[in-house]
Amino acid sequence: MRTLFTFSRLQAATLAAFLITAGGLLAQQVAAPTPENTSPPRGEDVGNYNFSQTFEFGYRFKSVGGDEGMYRSVDNYGNGLRLLGSNLSINSKDGHGTYFDEILLNTIGLGNDNYQAAILRIQKNNVYRYDMTWRLNAYYNPGLTTAGGAHLEDTIRRIQDHNLLLLPQSKIRFNLGYSRNTEDGPALSTAQEFDTNGSAYPVFTNVKRQWNEYRLGADLDLSGFKLTILRRWDFFKDDTPASSAGIFAAGTPTDATVLQQFQRSQPVHGSSPGWLGNLFTRRKHWGINSRITYVSGRNDFALDESAAGISSFGTVGSRQITVGGEAKRPDLAGDFTVSLFPTDNLTLSNTSSVTSNRIDGNSSYSEINPTTNLGTTIYFQYLGILTLTNSTDVDYRVKKWLGFYGGYHYSDRHIRTIDGSDVPAFANSFGAFQFDVSNHVNSGTFGVRIRPISPLTINLDGEVARAYHPLTPISDKNYHAINGRIQYRLRKVQLSTSYRQVYNLNPPLSFSNFSSHSRQYSANASYAPLNWFSIDASYTKIHLDTFDGLTFFAALPGNRNTLTHASSEYISNIHAANLGVRWAFGRRADLYLGYTITKDTGDGRAVQVPPSVTDPLQVLLVSVQTFPLTYQSPLARVSIKITPKIRWNAAYQFYGYGEQFHILGYDQNYHAHTGYTSILWSF
Amino acid sequence: MARAGAHALLLILLLTVAHAQSQNASPPAASPPANAGGYVGSEACKTCHANIWTPFFKNPHYKSIASGKEPPERTGCEGCHGPAKAHVEARGGKTTIPHAFSLMEPKQVLADCLTCHARDLSRANIQRSEHTIRDVACTSCHSVHHSPTPKYLLAAKQNELCYKCHATVRAQFDMPSKHRVNEGFMQCSDCHNPHGALPSTWSMGQRPRMVEQALGNEEPCLKCHVDKRGPFVFEHPSVRVEGCEACHNPHGSMNAKLLRRPVVFTVCLECHNGGGEGTRQGGVDLQTSRHNLLDPKFQRCTTCHVRIHGSNADQFFLR
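Just so you know, the protein sequences line up as chains A and B, in that order.
Residue 584 in the working numbering sits at position 584 of the first sequence, and the numbers go up by one each step.
Residue 87 in the working numbering sits at position 87 of the second sequence, and the numbers go up by one each step.
One chain only, chain A, in its complex shape (with noise of 0.2 Å):
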C-alpha cells in the first residue's frame, strides 16, 4: 500500500481530483486469475500454424472468522493448488488448415476452485464450427432464511453445452448440439408428519438430478431470407431419495410428535421435445421476423413415503403415502413482427405474439395410517394461460444529434384454472372446479435522443402503464417509469450517469394494496489517460420502498387464532461502490488495488425494533422492515515479470459481511482473509 504514495504530487492530485469527481468510491473485480498478460501473445509459429499458450498456476488460501456456512454461501473461495488460468490459441495463418484453421482453449479454476468454466473452440473455414462450453458451481447454502438451517445444501452443479455448426459459411448451415446440466450432493430438507399443522422434521437428501438436450437443425438463406428450424429433445429426471435416521422430536409442550423412522422416494421422469422455426429478411424499406415454437412438455412421477413415531396426541403415528401420475405441458408461442422504414430517419415496426401455455396433471394420492384409511384421491389439475400482445414502436430520427421513440404496447392475458378430484370408494364424490380471469396492461412509452457532439449521448425516456385486474397484490397496476442516461465516451474517458424510478401507485382503497416506490441512480467513470495508469469507478444508489397489507391469522398468548389485518412495510437503501486502480511500473510490475462496498443503511433506525413497540405481533412485523447490512471486499494484487515469458503474481482480498441485526435471531457475520500466489507461464 505504500506504492500509493510514491507518486508525484501532480499525479497524487489527479488522482485526487478525480476521485472527489467520481464520488470518491471504489472498485473492484475477483482476484483471480491474474489479467494481466505477458509480453504481447505473437505466439510460435509451427509449420502453418500460430501457438500461443499461457498457465497460471497457484495456491489459493483463505482464512474465515465467524459465520463460515455464511461464507462459503457467498464468497466460498477455498484453499489448495489449482490451474488459475490457462488460455491457448492455435491459428492456421493462411486460413487453410489442414483440419481446423482456428483452436481457442481458456479455463478458469480447474483443479480445485468452486467456480471452474472452460471454453473450446475448434473451427475450419467453411466447414464446420464447434463451440463447447463447461462449467462448474460447487454450491453452499445454510437455508437459514428459509427454513432456520433445516434446508442445507451443498451440492456441485455441472454444465455442459456443445454445439456443431456445418457450413459456416454457405448458405445452407446445419446444426447439432448437446446441452447437459447434473446436480449432485447432499442436503437437508423437511418433511412433516402426522398432523399438517405440526413441526417439520430435518431429513436427509442424497440430490440427483440429470438433464439432457440434444438438438438438430438448419438454417437457409434464400432470396434474402433466413429460415431456421430446430428439432430439440430433453429429458429430465431427478431421482433424489429422502430418509430421516435419527429420532427427531417436536419438543413443544403442544407438540408430542416424535419421528422415529422416515423414508421417501420421489423418482420424476419426463421429456420436453420442441420445434423452433424462424423466418426473417431485411429489405431497403421493410422487414419482418416471424417465429413460433412448440414445446411439449411430459413429467411422469411416483413417490413412496412411510413415516413411523408417535403423533402430537402422543398416540402411535405412522402413515404410508404412495402417489403417481403424470403432468404435460403443450407449450406454443409465436411472434411476428413487421418493420418499415420509408425513409432513413424513420423505423416503424409492430409485433404481434402469443403465447399458449396449458399444463394439466393428474395425481393418484393414497395415505394409510393407523386411525383412518383415507383410501385414494384422484386429482385433476388444469392451468392455462393465454397471452397476446400487440405493440408499435417508431423511431424517428430528426436529426443526426435528435431522434424521438415511442410506443403503445398493450397485453391480454387469459388464465383458466381447473381444480378436481374424485374419490373413487365414494360414489358421487368427484368434483371440479373452473375459474377464469383476465388481466391487461395498457403502456405506452416516449423517449428522446440527443447527441449534441460526438461522444455524448442523452436519453430520456418514460413509461405510463395501467394494468387492469393484476394476477397478484404485488403486480404492477398503476405505474410509471422515468429513465434518464447520459454517457461521454471517448478513448481515454468514459462517463456515464443514470436514474431510473419505477412508481408503482396504488392508493390504500383497500387493506391489501400494495404500493411501491423504486429509484435508481448510478454515475461509472473510467480514466486511462496513460498506458501505464488506468482507473475505474462507479457508485449506485437502490432506493425501494414498499406498502403492502396483510391478512393472516396470530393469536397472542391466552387468545384464539384469529384472522388479522396489518400492513407489511420494507425500506432498503442500498449504497455500493467500486474503485479500482491499475498501475504499471515499466514493463515490469502491475499493481491493481480495488475496493468494493455494498451498504444497505435500511431506513436509518439505529434498533431493530424501538422500545415503544411492545405488542408482540408490531415486535415481529417492525423487526422485518428493514435488514441493514455491510458487505465490503477490498483487494490488492501485484504482478511482476520475471522473464519476458514469466510472471509471478500475488493477491490479497478481504470479504467482510456484517448485518447490524440478527432478524433470523442468527449471527450470520464473517470476516475473510483471501489470496494466492501463482506463475503465469507463456509460450
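Treat the hints with caution; some may be incorrect.
Covered stretches of chain A (chain B as the covering partner; in silico rule of three or more C-beta atoms under 8 Å from a C-beta of chain B) [stated by the list, open to error]:
(1) 92-102
(2) 635-649
Pairs of lysine-lysine, DSS-like flavour, derived with a Cα cap of 27 Å [said to hold, decoys possible]:
(3) A:237 / B:63
(4) B:151 / A:171
(5) B:151 / A:237
(6) A:541 / B:151
(7) A:599 / B:69
(8) A:208 / B:257
(9) B:63 / A:171
(10) B:257 / A:645
(11) A:93 / B:157
If you're looking for bench data, these hints aren't it; they were derived computationally from the structure.
Glycine residues also receive a C-beta, built at the ideal position from the N, C-alpha and C atoms.
Using the hints, position chain B against chain A.
Just chain B, lined up with the frame of chain A:
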C-alpha cells in the same frame, strides 16, 4: 421410419461436409484484385497498417480473405471499410476512408455490420432492440481490431463491458446473494440477448425486454434450474404466470436465496393476503386459519411447504 429418416439426414450431412471439404482445397489466400469500384485489396492496406494486418489471421474476419471467393466489397479490410483507392491516393487520413467506424453514426455502423451478420437467429430482432433504439451501436461493445477476449471480438470481458453502462446491475452482482457472474461461472448473455430479444413468454409479455427465453419458451432461469421447470400437477400459479421475479431478484440481493425480502413470511404473505385477482377471481388465497403467525415455526413457510415451486404430490407443496 423416423430412425431411417434420421440416418438419411445424417448421411446427407456427412456428404455435404465431405463435398465442402474437397472444395475447400482451394488456392492459398489472396487478396482480390483491384477493380473499377475503387477497391485496391488488403495487400495495399498492410503497407501502412502492419500492426493491424500482422495478427489479422487470428481475426474471424480473416475468413473473408482466406475464402478467396468473396467479391471485393465483402473481402478483408475493404469488406468493412469500403474501397480504399481514395484513401491510398490521399496517403491516409480518416476522412478519406469511406466507412471509418469511429466517424460513423450508430445507425450506419449497424447497417454495415448487418450486411454480413444479419443471418444469425440471435440478431433477428436487432432492429427494434433497446440497444439499437438508444444508439448503442455494434462498436460500443465490439472491438474488431483490438479485442482482448477469445470469442466474439468483445471490447472487454463481457461483464465489465455491460457494467460500463449498467452500473446498477454491477451493484447487484456485488451483493452477498448473487448469481456467480463476477466469479466467471456465468455470463450476462446466459440470460440476456444484447442484440434484442422477442417478447417474453411469461408475465404480461412486455417486460423485461432484453431477456432471452430458453428454447422451451421459458424464462432463462429454467435453463439451469431444471428441477423447477415442471410441468407439475400442482403449479404455484405466480411462478408459472408471473415468473421467478415475483419472489426473487435475479441479479443479486442483500437477502439470502436472492429473495426480495429478508424473511420468508413477508415474501409469501404480501401476496397471500386476499388481494390481487389471483387465479380464482377472489384474490390470492389466505393462509390457513390453523397457522398462528406468532409461532416461529409458521414464520418460515418453506420449512413445511418444501416444494414451493410446484409439486406433483401435494396441492399445498408439502412434498
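Against the structure, the hints come out as follows:
Here the stretch 92-102 of chain A counts 7 residues with a CB under 8 Å from a CB of chain B, which clears the bar of 3, and the coverage holds. For the stretch 635-649 of chain A, the assignment as covered by chain B is violated, since 0 residues bring a beta-carbon within under 8 Å of that chain's beta-carbons and 3 are needed. Of the pairs offered as hints, the one joining residue 237 of chain A and residue 63 of chain B is violated, with about 42 Å between alpha carbons and a cut-off of 27 Å exceeded. Between the alpha carbons of residue 151 of chain B and residue 171 of chain A the distance comes to roughly 23 Å, so the proposed pair stays at or under 27 Å and holds.
The hinted pair formed by residue 151 of chain B and residue 237 of chain A fails the criterion: a straight-line CA distance of about 33 Å is larger than 27 Å. This hinted pair does not check out: residue 541 of chain A and residue 151 of chain B have alpha carbons roughly 33 Å apart, beyond 27 Å. Among the hinted pairs, residue 599 of chain A with residue 69 of chain B is inconsistent with the structure: their alpha-carbon atoms are about 58 Å apart, more than 27 Å. For the hint pairing residue 208 of chain A with residue 257 of chain B, the CA-to-CA distance comes to about 21 Å; that is within 27 Å, so the pair holds.
A threshold of 27 Å between alpha carbons decides the hint, and for residue 63 of chain B with residue 171 of chain A the separation of about 15 Å falls inside it, so the pair holds. In summary, the hint linking residue 257 of chain B to residue 645 of chain A is not supported, as the alpha carbons are separated by about 43 Å, beyond the 27 Å threshold. Straight-line distance between C-alpha atoms of residue 93 of chain A and residue 157 of chain B comes to about 26 Å, which keeps the hinted pair within the 27 Å bound.
The earlier numbered hints that this structure contradicts are 2, 3, 5, 6, 7, 10.
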